[in-house]
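Asker: Residue-level listing of the chains:
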Amino acid sequence: MYPPEFLYTKEHEWIRVDESIGTIGITDHAQKELGDIVFVELPKPGDHVTAKEAMGTVESVKAVSEIYSPVTGDVVAVNSKLQDAPEKLNSDPHGDAWLVRVRLEDHTETESLMTAEQYQAYLNEEAGH
Amino acid sequence: MALKRTALNAVHRAAGARMVEFGGWDMPVEYTGIIDEHLAVRTRAGLFDVSHMGEIEIRGAAALPLVQLVTSNDASRLSVGQAQYSALMYPEGSAVDDCVVHRIADDHFFLCVNAANADKDFTWIERHNTMGADLDNVSADYAQLALQGPRAASILAKVTQADLAHLKYYWFCRATCCGVEGLLARTGYTGEDGFEFYFSPSEAEGVWNGLLDAGKPDGLIPAGLGARNTLRLEAAYPLYGHELDEETTLLEAGLGWIAKLDKGEFIGRAALAGQKQHGVRKKLVGVEMNDRSIARDGYPVWMDGEAVGRVTSGSYAPFVRRNIGLAYVPPEQGQAGREIEIEIRGRKSPARIVPLPFYRRDRK
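Protein chains in written order, with the numbering used here: chain A, 1 to 129; chain B, 1001 to 1364.
Honestly, the hints are just simulated from the structure, not real lab data. Using N, Cα and C, we set each Cβ at its ideal position, and we do this for glycine too. A hint or two may mislead.
[Stated by the list, open to error] Here are the simulated lysine to any residue pairs, SDA-like style, with alpha carbons at most 20 Å apart: (1) LYS32(A) <-> THR1032(B); (2) LYS32(A) <-> GLU1021(B); (3) LYS52(A) <-> ILE21(A); (4) LYS1004(B) <-> THR1032(B); (5) LYS32(A) <-> PRO1091(B); (6) LYS88(A) <-> GLY1033(B); (7) LYS32(A) <-> ALA1015(B); (8) LYS88(A) <-> ASP1262(B); (9) LYS32(A) <-> SER1349(B); (10) LYS52(A) <-> GLU109(A); (11) LYS32(A) <-> ARG1345(B); (12) LYS32(A) <-> GLU109(A); (13) LYS32(A) <-> HIS94(A); (14) LYS44(A) <-> ALA1015(B); (15) LYS1348(B) <-> GLU66(A); (16) LYS44(A) <-> GLY1305(B); (17) LYS1276(B) <-> ASP1262(B); (18) LYS52(A) <-> LYS81(A); (19) LYS1216(B) <-> LEU1039(B); (20) LYS81(A) <-> GLU41(A); (21) LYS52(A) <-> LEU1039(B); (22) LYS1120(B) <-> ASP1141(B); (23) LYS88(A) <-> ARG1322(B).
[What the hints assert, rightly or not] Some chain B residues close to chain A (C-beta under 10 Å, calculated; not the full set): (24) LEU1003; (25) ARG1018; (26) MET1019; (27) GLY1023; (28) ILE1035; (29) HIS1038; (30) VAL1180; (31) GLY1226; (32) ASN1229; (33) THR1230; (34) ARG1292; (35) SER1293; (36) SER1315; (37) ASN1323.
My request is simple: use the sequences and hints to build the entire structure.
Answerer: Rendered as structure tokens:
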């Protein structure tokens, strides 16, 4: 279910790192928790984002949720399709509905992120509480 | 304290509902999705478990005088079998709670109140019962299901002999639905035609499944508190704790129509009469965002460079497909059409004041 080539945060974001570019999104678990997503607010290309700090917002009908960047760096691309079709985050959160691409400044930041297997275990543990 | 559960808790969980805490209860917020459920209620029908709602019975020769003292609407105008929207009142003209008062007999009233307020309401009524009416908090004795939507009547007709064609809006009767006896009212909180059925919790599963089965060909689906909230918001019905609280009078909330100042003395009457003469401090208005951002409870409202009020409820509205909200603003600044700004996470988004409600169903 959770792609093995991604890394995951405890706040339910994923990142796929190709060379120095990280593509960031929210996990399937996150979209399920939120329900129908109706609004996405993202940084602009050229903006600087910082690891573990809020870089945008996802809103569902019932809730507002901040998106935290898993890494530090400059935003090089933003998925503009989400502006008019935020519901894509419900249907394809690990694929077509990626949020932003960031040029990583510090690769060691990804070392503290979870693998797919660790993330699944983390979800199971959360569900058990 | 452990969350309270309705008799259908396990049924909701088995159906895959997402559960949330609401008013001390573990309740289903959505099954298939808030938008899907909202649209089902507007175009077909939805079934809600609202067994968390409280019920209070008032009986005896002093029943009417007590109801008249503690509520704002005029219960003396109710015929037996008729219900009215009303409010339990504080002396300041604000609401202890909003409620529906049903007149079961000349000397017997049945109040449906909010889940989180039921104990507070009961204590308040008891405290003012100097005339000796019989009071009962019967909240635990009733399950309550709400069948709502344009197809509600035709679905219900399959499982009851009750004369639905002659059961008018805000009237009720004793009825047997899915083989279970209870109180059947043509009321609701969605802005659609619909019914609310009060009956024994031990029968909850049978009635729930019976209604869902009967409604399946008509596209009936279970609906949760999420859709209940967006539906009531489109219809601009107040929700206690948001549009109504101890600090807000009925007149400020736009509920002057349930404040019958000429019915005789009642708690809060003097305060309301004074406000009617001297004016209100704030006014509830509808707002619509001019961009895609969403106003939420507590967000500041700005006009002409000043923070002048607050949003009390806000959401994407699935049927009218706009981002809407309710907000309090100064009474002299509440005209429809006025451009305003809503402060959202430190940034101001353009919006405007619009007439209420956002949605009104066509009545045949």
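Asker: Hint by hint, note whether the structure agrees.
Answerer: Results for each hint:
| no. | hint | verdict |
| --- | --- | --- |
| 1 | LYS32(A) <-> THR1032(B) | 11 Å, holds |
| 2 | LYS32(A) <-> GLU1021(B) | 17 Å, holds |
| 3 | LYS52(A) <-> ILE21(A) | 17 Å, holds |
| 4 | LYS1004(B) <-> THR1032(B) | 23 Å, violated |
| 5 | LYS32(A) <-> PRO1091(B) | 45 Å, violated |
| 6 | LYS88(A) <-> GLY1033(B) | 14 Å, holds |
| 7 | LYS32(A) <-> ALA1015(B) | 15 Å, holds |
| 8 | LYS88(A) <-> ASP1262(B) | 55 Å, violated |
| 9 | LYS32(A) <-> SER1349(B) | 28 Å, violated |
| 10 | LYS52(A) <-> GLU109(A) | 10 Å, holds |
| 11 | LYS32(A) <-> ARG1345(B) | 24 Å, violated |
| 12 | LYS32(A) <-> GLU109(A) | 27 Å, violated |
| 13 | LYS32(A) <-> HIS94(A) | 13 Å, holds |
| 14 | LYS44(A) <-> ALA1015(B) | 41 Å, violated |
| 15 | LYS1348(B) <-> GLU66(A) | 18 Å, holds |
| 16 | LYS44(A) <-> GLY1305(B) | 27 Å, violated |
| 17 | LYS1276(B) <-> ASP1262(B) | 13 Å, holds |
| 18 | LYS52(A) <-> LYS81(A) | 25 Å, violated |
| 19 | LYS1216(B) <-> LEU1039(B) | 16 Å, holds |
| 20 | LYS81(A) <-> GLU41(A) | 12 Å, holds |
| 21 | LYS52(A) <-> LEU1039(B) | 38 Å, violated |
| 22 | LYS1120(B) <-> ASP1141(B) | 18 Å, holds |
| 23 | LYS88(A) <-> ARG1322(B) | 19 Å, holds |
| 24 | LEU1003 | 15 Å, violated |
| 25 | ARG1018 | 7 Å, holds |
| 26 | MET1019 | 12 Å, violated |
| 27 | GLY1023 | 16 Å, violated |
| 28 | ILE1035 | 5 Å, holds |
| 29 | HIS1038 | 8 Å, holds |
| 30 | VAL1180 | 32 Å, violated |
| 31 | GLY1226 | 5 Å, holds |
| 32 | ASN1229 | 8 Å, holds |
| 33 | THR1230 | 6 Å, holds |
| 34 | ARG1292 | 6 Å, holds |
| 35 | SER1293 | 7 Å, holds |
| 36 | SER1315 | 6 Å, holds |
| 37 | ASN1323 | 8 Å, holds |
Hint compliance for this structure: hints 4, 5, 8, 9, 11, 12, 14, 16, 18, 21, 24, 26, 27, 30 are not met, and every other hint is.
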